[in-house]
Amino acid sequence: MITFDRFTLPNGLTVLFLKDITTPMAVVNTLYDVGARDESEDKTGFAHLFEHLMFGGSVNISDFDAPLQMAGGESNAFTSNDITNYYDVLPAKNIETALWLESDRMLSLAFTPKSLEVQRNVVIEEFKQRYLNQPYGDVWLQLRPLAYHKHPYKWATIGKEVRHIEEATMEDVRGFFSKHYVPSNAILCIAGNFELDEIKRLVEKWYGDIPGGKKPARILTAEPVQEEYREKTIERKVPAHAFYYAFKMPERRNEGYYMADVLSDALGRDKSSRLYVSLKKEQQLVSDINAYITGSLDDGLLMISGKLNDGISFEELDRALWNELEKLKAHPMHESELQRLMIKIKTAREFQEQGLLNRAMSLCLFELLGDAEGINLEHKIYDSIQPEHLHETAIHLFRKENCSLLKIKATNDAE
Amino acid sequence: MLNRTLTPQLKEIDQIDFVSPVTHVINGNALLYHMAEVPNETSRLDLYFDAGTARGERAVAGFVNGMLLSGSEQVSATEIQSQIDALGGFYESGISQETAVISIYALKEHLLEVFRIFAQALEELSFTEKEIKELLNDRRQKYKVNLEKVSFLAQREFQRRLFHDSIYGRVSDETDFAKVERENLIAFFNEHYLHGLYKVVVVGAVPENEINELIALSAQWAKGSPNKYETTLENKKESHYLEKDGALQTAIRLGRILFNKTHEDYLDFLVLNTILGDYFGSRLMSNIREDKGYTYGIGSMVAELHETGYFLIATEVGKDVKDAALEEIKKELKLLQEELVDEEELALVKNYMLGQLLKSADGPYSMTDLFLSVEPHGLDLDFYNKSIDALHEITPERIQELAKRYLNWEDFTIVAAG
Numbered sequence: 001m002i003t004f005d006r007f008t009l010p011n012g013l014t015v016l017f018l019k020d021i022t023t024p025m026a027v028v029n030t031l032y033d034v035g036a037r038d039e040s041e042d043k044t045g046f047a048h049l050f051e052h053l054m055f056g057g058s059v060n061i062s063d064f065d066a067p068l069q070m071a072g073g074e075s076n077a078f079t080s081n082d083i084t085n086y087y088d089v090l091p092a093k094n095i096e097t098a099l100w101l102e103s104d105r106m107l108s109l110a111f112t113p114k115s116l117e118v119q120r121n122v123v124i125e126e127f128k129q130r131y132l133n134q135p136y137g138d139v140w141l142q143l144r145p146l147a148y149h150k151h152p153y154k155w156a157t158i159g160k161e162v163r164h165i166e167e168a169t170m171e172d173v174r175g176f177f178s179k180h181y182v183p184s185n186a187i188l189c190i191a192g193n194f195e196l197d198e199i200k201r202l203v204e205k206w207y208g209d210i211p212g213g214k215k216p217a218r219i220l221t222a223e224p225v226q227e228e229y230r231e232k233t234i235e236r237k238v239p240a241h242a243f244y245y246a247f248k249m250p251e252r253r254n255e256g257y258y259m260a261d262v263l264s265d266a267l268g269r270d271k272s273s274r275l276y277v278s279l280k281k282e283q284q285l286v287s288d289i290n291a292y293i294t295g296s297l298d299d300g301l302l303m304i305s306g307k308l309n310d311g312i313s314f315e316e317l318d319r320a321l322w323n324e325l326e327k328l329k330a331h332p333m334h335e336s337e338l339q340r341l342m343i344k345i346k347t348a349r350e351f352q353e354q355g356l357l358n359r360a361m362s363l364c365l366f367e368l369l370g371d372a373e374g375i376n377l378e379h380k381i382y383d384s385i386q387p388e389h390l391h392e393t394a395i396h397l398f399r400k401e402n403c404s405l406l407k408i409k410a411t412n413d414a415e
Numbered sequence: 001m002l003n004r005t006l007t008p009q010l011k012e013i014d015q016i017d018f019v020s021p022v023t024h025v026i027n028g029n030a031l032l033y034h035m036a037e038v039p040n041e042t043s044r045l046d047l048y049f050d051a052g053t054a055r056g057e058r059a060v061a062g063f064v065n066g067m068l069l070s071g072s073e074q075v076s077a078t079e080i081q082s083q084i085d086a087l088g089g090f091y092e093s094g095i096s097q098e099t100a101v102i103s104i105y106a107l108k109e110h111l112l113e114v115f116r117i118f119a120q121a122l123e124e125l126s127f128t129e130k131e132i133k134e135l136l137n138d139r140r141q142k143y144k145v146n147l148e149k150v151s152f153l154a155q156r157e158f159q160r161r162l163f164h165d166s167i168y169g170r171v172s173d174e175t176d177f178a179k180v181e182r183e184n185l186i187a188f189f190n191e192h193y194l195h196g197l198y199k200v201v202v203v204g205a206v207p208e209n210e211i212n213e214l215i216a217l218s219a220q221w222a223k224g225s226p227n228k229y230e231t232t233l234e235n236k237k238e239s240h241y242l243e244k245d246g247a248l249q250t251a252i253r254l255g256r257i258l259f260n261k262t263h264e265d266y267l268d269f270l271v272l273n274t275i276l277g278d279y280f281g282s283r284l285m286s287n288i289r290e291d292k293g294y295t296y297g298i299g300s301m302v303a304e305l306h307e308t309g310y311f312l313i314a315t316e317v318g319k320d321v322k323d324a325a326l327e328e329i330k331k332e333l334k335l336l337q338e339e340l341v342d343e344e345e346l347a348l349v350k351n352y353m354l355g356q357l358l359k360s361a362d363g364p365y366s367m368t369d370l371f372l373s374v375e376p377h378g379l380d381l382d383f384y385n386k387s388i389d390a391l392h393e394i395t396p397e398r399i400q401e402l403a404k405r406y407l408n409w410e411d412f413t414i415v416a417a418g
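Protein sequence lines, in the order shown, are assigned to chains A and B. Just so you know, we're using the numbering used here here: the first sequence kicks off at 1 and counts up by one. Just so you know, we're using the numbering used here here: the second sequence kicks off at 1 and counts up by one.
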C-alpha cells in the first residue's frame, strides 16, 4: 500500500507527495502529458528532441545540470510515445534546488540557437547508435507503420527519419514549449522524508507564479479496427532470420489490458512459458523467443518476437506458433499455470516498488490515467483475473486479421 | 517578488551511516554475509564461484555458467525452470574473468525453497548432449549478432590489447565454441562449482534458522583453498583501428592498467576521473557531446580487478568525426595535466560525489553492494568514511599531479572500430 497526498495549485499544476522516512534522498519527478503521439506527421521526433533541449538552460538559470550536481544530485529524462518524464534525485536536504530548477524550466526556456544546433546533432547520433547502426535496430521504425495506419503510434519516438530532426527550427521549438509545457499539462511528484506543509510551502513558492496556460486538447486519429492480416518482409545483413508478430490489444485503462499482459507472460516471459518450452526447448525452431506488451496508453500491441535457428523457415515457425496460440484459444489454462504467472507478477512488483524513483514515476503515471490511487488498485485487477477471462481474451486477440508480422530475412544466410 | 536567479542555500552532507552485513563462516575459505534489515518482502541471494573465464579453456567457463540449470536425463531444464517460476523466483547468472555469480531474487518466504531447487539442480546436472548442442547453437548466433556491433568489436579488441599476454586478454571466438567437449564441461563444473564456492550473500529479512540451512546446504561446495588472481598486468601501448564496412558510427575504447581500492592514489584518482568523464557535466561530456555534438554519450571509469584495475574511456561517435573526437579526448587529458582545476568545478564535483555516495548507501541492497565493493580487497565500510575525508581534503594541485602521473596519452591502449 502506497500512501500519498495530493493538492493542486491555482495554475492547474497537480502535485503528489510521497512521504518516505527511511531514505536520506529525495525525488522530484515531473511528468508532462506530451509524447510522440502529439507530433504532427511531418515533424516527428520532436517531443524527444525537445526533451534534450530542456537541459539547455532556462529563462533565469543558464545551466540546468551544474546547480543540481552542486547540490549532490543528478537528473535524467525519457520520452515515450505517450509522455515525457523528467526526474531529479538528490539529497533530501537540498530538495529546494531541484524545485528551483524544475520550476524555472517550466516557466520558460533559454532557447539558444547553439543548444538547438548541438542537441540536433546529439539526437542524430542517438538515432544512429540505437536504431541505424545496430543489427535489427530499425525494427520498430518498420513495424509501427505496419501495425498502425492512422494513429500516431505509427512513428517511433526517435522520429520517422533523421531528416525531420535536421529540419527542426527554433520556431517549432518555441511553439512546442508554449503549447505543452504549461502547469496544467504537468504532474509533479515529490518523494522523500518531508512534511506535507513544508512541501506545500515550497511548491507554492516556486511554482505558484507560473502562468497556468491551457491544457492542450488532444484529438488523435483513432486507429481503425484492423480487419486484415498484414505481413512485411525486409532483407537485412544480419546473422539470423528474425520475426515480430504484433497483435492489437486494448488501451491502458481497459481491463483487457491486464488480460493481455498476463497472456503475454503465459506465452513468453520466462523459460517455463509456452512458446519458450514448445518452440525452443521441444521443437528447436528458435534460438530465442519472447512475448511482451508495449504498455502504451492508447490501443497497444502484444508482441511475440525472436530469432530462427539455422535452417528453419518462417513457414515452419508460423505453423508452430499459431498451433500454440490455438491451444490458448481452445480451452482455459489450468489454475496452476495462472498461479505461477501471478506470483511472478507479484514478486516483480515488490522489487519495483522498493525504489523511491519507481514509486514516484508510477504515481504520476496513474494520476495521468485518472487517479494516482490506481497504484494501489492494480494488484486487485490482477488478482481478479480467472482462466476464463484469459481464454476469452485469447480468442479475441489471437486472430490472423488482428496480426501484423514483420519478418527480417538474413541476406548473408546460406539458404 | 521571487528572485529566480538566486540559488537556494545548499546544505552539506557531513555524515553517512554505513551498516555492514553480519558475517557467518561457511568454512575457512567461504563466508556468508547477511543483510537482514530489509523493510519489505523482497530478498536476494548471491553465490560466488571461483569459476571465471580465466579459470578454464576458451569458452568452457562461459558454457558451464550458462548450463547450470540445464538439468539431466531425468529432470529437464524446463522442469527446473517451472519449479523456480512457480515460486516467483528470478534467476540470473553472470561471469567475468575472475568470478561467476549466480543471483536469485524472490519474496523472502520463498528464497530458501528456490535455493533448494537450485542446489538439487546443481547436484543432478549432467550436461546432456541435447542441451550442449542447443547452447552451442545459441551462443554461435549471438556471437554473430555481436560481430555486427561496433561497441562489441571495440570492446573485445580493447580487452585483448589491454590484458595482452595474460589470460585476462584471451577472448573466445566461434572456432572455440566448436571445440567445447562434454568432458571438459564436466571437469570444469566439478572443480569450479561443486568445489568452488567462496562467498554467499543474503539480503532480506530471512530468519536465522533459514540462514543456517543455507550455510549447511552450501558448505558442500565450499572451496578448499583461497582463490588466486593475476597480479601483474600490463597493457600494450598502441593504437589500433578496425574498419567495419557500412558502419555509421565508430566505437572508441581507450585506457590503461591502473589500480584498485588498495592503492594510495585510488580515492583521489576517482575525483580526477569524475571531473574528466564520470558525470553528465564532465569535461568529456561537456566538450564532445554538449559542445561538439559528436556523440550521444561518452564516459570514463575505473574498473577494478581483484589485484589491480584499469582505467577506461568509452564512446560511440559519428564515423566521420572519429579522428576529431580522439583529438578532443587527447586535448582534455592534456588540459588536466597543464592547468589546475578551478575551485568552483572542484567544489561541484566534490558535492556531486558526496551526493552519489549518499545515494549508494540508501537502502539495504545498495548498502550491501557498497560492502561487496570493498570486501574483496580486505577493506571494510570505514573505507567510505575515508573517502569522505579525502573529498574534503583534495586540492587542484593534487589532481594535476595525478593527471600527470596517470593520464599520459603514450601509456594508453587505443582501439577504434567502425
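If you are wondering where the hints come from, they were derived from the structure by calculation, not from laboratory data. Errors might be hidden in some of the hints.
[To be verified] Some, not all, of what chain A presents toward chain B, calculated at C-beta under 10 Å:
hint	residue
1	Asp65
2	Ser115
3	Val123
4	Glu125
5	Ile219
6	Lys232
7	Ile234
8	Glu235
[As the list claims (entries may be wrong)] EDC-like cross-link-like pairs, simulated, lysine to aspartate or glutamate; straight-line CA separation at most 16 Å:
hint	chain 1	residue 1	chain 2	residue 2
9	B	Lys133	A	Asp288
10	A	Lys200	A	Glu335
11	A	Lys329	A	Glu392
12	B	Lys359	A	Glu126
13	B	Lys144	B	Asp165
14	B	Lys149	A	Glu126
15	B	Lys144	A	Asp310
16	B	Lys142	A	Glu74
[Claimed, not checked] If you want the footprint, here are the derived chain A segments under chain B, 3+ residues with CB under 8 Å:
hint	region
17	126–132
18	340–350
19	362–374
For every residue, glycine included, the Cβ atom is placed at its ideal position computed from N, Cα and C.
(request) Please write out, lowest number first, the hints stated earlier that are contradicted by the structure. (result) 5, 6, 7, 8, 10, 12, 13, 16, 19
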